[in-house]
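Asker: The hints should help you fit chain F onto chain C, whose structure is shown.
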Amino acid sequence: MATRLLIRAYILGYIDGYSQLQMPATLSNATQQITLSARNLTRSFGKRPVIHDLTLELKRGEVLGLLGHNGAGKSTTLQMLTGCLLPDRGEIDICGISLQKNPTIAKAHIGYLPESPPLYRELSVEKYLLFAARLRGMKQDAVSDALTQVLQRCGLEPVRSKMISTLSKGYQQRVGIAQAIIHKPDIIILDEPTVGLDPAQIRDIRHLIRELGNTGSVILSTHLLSEVESVCDRVEIMQNGRLIYGDSSDRMQHYGEVSGFTISLRHPPALIELESISGIESVEQLSETEFRILHAPDNNPGSALLSLAAEKGWQLTQLTPLHATLEDVFVRITSEDKS
Amino acid sequence: MIRLIAMRELKSLFSMPSTWFVLAALQFIFAWFFLARLEAFLEIQPQLALLANPPGVTSTVGAPLFNTASLLLMMLVPMFTMRLIAEERRNQTLALLLSSPVSDTRIVLGKFAGLLLFLLLLIATLPLMLYTLSLGTQLDHGLLLANCTGLVLLTASYVALGLYVSSLTTQPIIAAIGSLAILTGLWLADIGAPSADSPWHQFSPLYHFQNFNSGLLDSSDAAFFLLFTLFFLLLTARRLHNNRIYG
Chain C
1 MATRLLIRAY
11 ILGYIDGYSQ
21 LQMPATLSNA
31 TQQITLSARN
41 LTRSFGKRPV
51 IHDLTLELKR
61 GEVLGLLGHN
71 GAGKSTTLQM
81 LTGCLLPDRG
91 EIDICGISLQ
101 KNPTIAKAHI
111 GYLPESPPLY
121 RELSVEKYLL
131 FAARLRGMKQ
141 DAVSDALTQV
151 LQRCGLEPVR
161 SKMISTLSKG
171 YQQRVGIAQA
181 IIHKPDIIIL
191 DEPTVGLDPA
201 QIRDIRHLIR
211 ELGNTGSVIL
221 STHLLSEVES
231 VCDRVEIMQN
241 GRLIYGDSSD
251 RMQHYGEVSG
261 FTISLRHPPA
271 LIELESISGI
281 ESVEQLSETE
291 FRILHAPDNN
301 PGSALLSLAA
311 EKGWQLTQLT
321 PLHATLEDVF
331 VRITSEDKS
Chain F
1 MIRLIAMREL
11 KSLFSMPSTW
21 FVLAALQFIF
31 AWFFLARLEA
41 FLEIQPQLAL
51 LANPPGVTST
61 VGAPLFNTAS
71 LLLMMLVPMF
81 TMRLIAEERR
91 NQTLALLLSS
101 PVSDTRIVLG
111 KFAGLLLFLL
121 LLIATLPLML
131 YTLSLGTQLD
141 HGLLLANCTG
151 LVLLTASYVA
161 LGLYVSSLTT
171 QPIIAAIGSL
181 AILTGLWLAD
191 IGAPSADSPW
201 HQFSPLYHFQ
211 NFNSGLLDSS
221 DAAFFLLFTL
231 FFLLLTARRL
241 HNNRIYG
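So the sequences go chain by chain: C and F.
Every letter in the first sequence is one number past the one before it in the numbering used here, and letter 146, counting from 1, is 146.
Every letter in the second sequence is one number past the one before it in the numbering used here, and letter 233, counting from 1, is 233.
No wet-lab data here; the hints were simulated from the structure.
Treat the hints with caution; some may be incorrect.
So the derived label-pair ranges between C-beta atoms look like this [stated by the list, open to error]:
(1) C/T166 - F/F21: 45 to 53 angstroms
(2) F/L234 - C/K162: 35 to 43 angstroms
(3) F/G185 - C/H207: 55 to 63 angstroms
(4) F/T19 - C/D145: 29 to 37 angstroms
Quick caveat, the model's predicted, so the values are computed rather than measured.
In this text, a Cβ means the ideal position worked out from N, Cα and C, and glycines have one as well.
So that you can see chain C by itself, here it is in the shape it has in the complex (with noise of 0.2 angstroms):
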């Protein structure tokens, strides 16, 4: 009897081993595999309609940008994705399970950061981390190891016997993102993730946004063109309740574009001169020593201007390429949908 649990327990350690040998390949599959996808979904508020008919896919290690105006419909469709908001018509599955109809069982894959932090501000760091993650159904074995983790993850190691209360905004926002991402979920939710941070802290956390978009897949809602930009590897952008325009991030950069540059010249030439320069379409004249120069995209007139300007003597202190606005982008993708 002994001898058979042990062939018994010794196959199953076998079987173990092989699966984990086989992990690589399952997991390539899985960068694959789709974590939320969201049809149709329909919400007003009373008479209001909010949003309309949105149809939303993520996939494993995918970063996704929701780019829209404040009033858009961001933050309301992300309510509902985490399910704090039920859709008035539409289905929510959180990696393959229903939201409506399993609920508690979808929502341990998430983790959402709302665009206000969610804080127990009378709590200490490491007891209200404790606490959300437990919420979400870790157990409790390994939470101090999570915990461990995700301090050191989000640069929260100095305050982490603090009380809430005592952190600065930027802290606080950090702790925001430690609860969302202590549990490991796959999907991983942040509204406006680097709203009232200073440069240095949005360029740590958008760091780790791409960090995390590595393992799990990351939606994140943003006014920013440049934060689209430089995390995001799709973008979706999303006016008045709708998803106007869907693509990678690559590609959205090309309506980003501007081909064009403002100069400052301390001895500016008469306008005519510089409209002649071979490249240049169109100059306007901001200020008495600004000026606003748009080119074709293939035929980048710097190098001579440049050069001219040196020859001339007039005194280029600035010259600095120009970037589309949300706005800009906008026009473009909305003016390319009517032709």
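Answerer: Using the frame of chain C, we list chain F on its own:
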């Protein structure tokens, strides 16, 4: 999960200075009242001893003490219940609970259990004070048990009502005033009712506590408290669910 949420509730309560202040003040009032009743009892005891069937120390000191506690709790419980959901909504921490893999019923039960546990700690000193008397005299354990049971059930019903009112609003102070108004209203309807068999008595938790207070364990009173508590807990869970529908 219920325990986790209850423990979080307790931790937050004990990390606030005002909680400790209320705890201290209330113990002081309880002790003051206890000593005053005891002094009065010692004064009239010689006369009582002449009676054929004299009332004991439990019914002359214990029962009034519990009666006072029931009235004090009516005013005090709304101060604690007001924060339960209204403050979470105001601080926008409700999103953490709503997006967690926990059902609405468990959230409600967790909050209810957390605060009830705290209040039980608070009223646990009442029987302790009375049991110090057993050093010098014999206590009526049945009467004490009935009073304790009644007070626990009464507190539970207060908490359930306060929890529901707290789930209706974003402002804790409105929740406090709301539940205080309802509890006082029920109490006034009870003591102001014209006849002894008026149906108004039946709605008041304090009326149902009177039987417990006089040592009478009536299953209909117990059933009232259980139904009252359950009714408001269910309403609260319903309200949390509606939160997801109406935003």
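Asker: Are there hints from earlier that the structure breaks, and if so, what are their numbers?
Answerer: Those not satisfied come down to hint 1.
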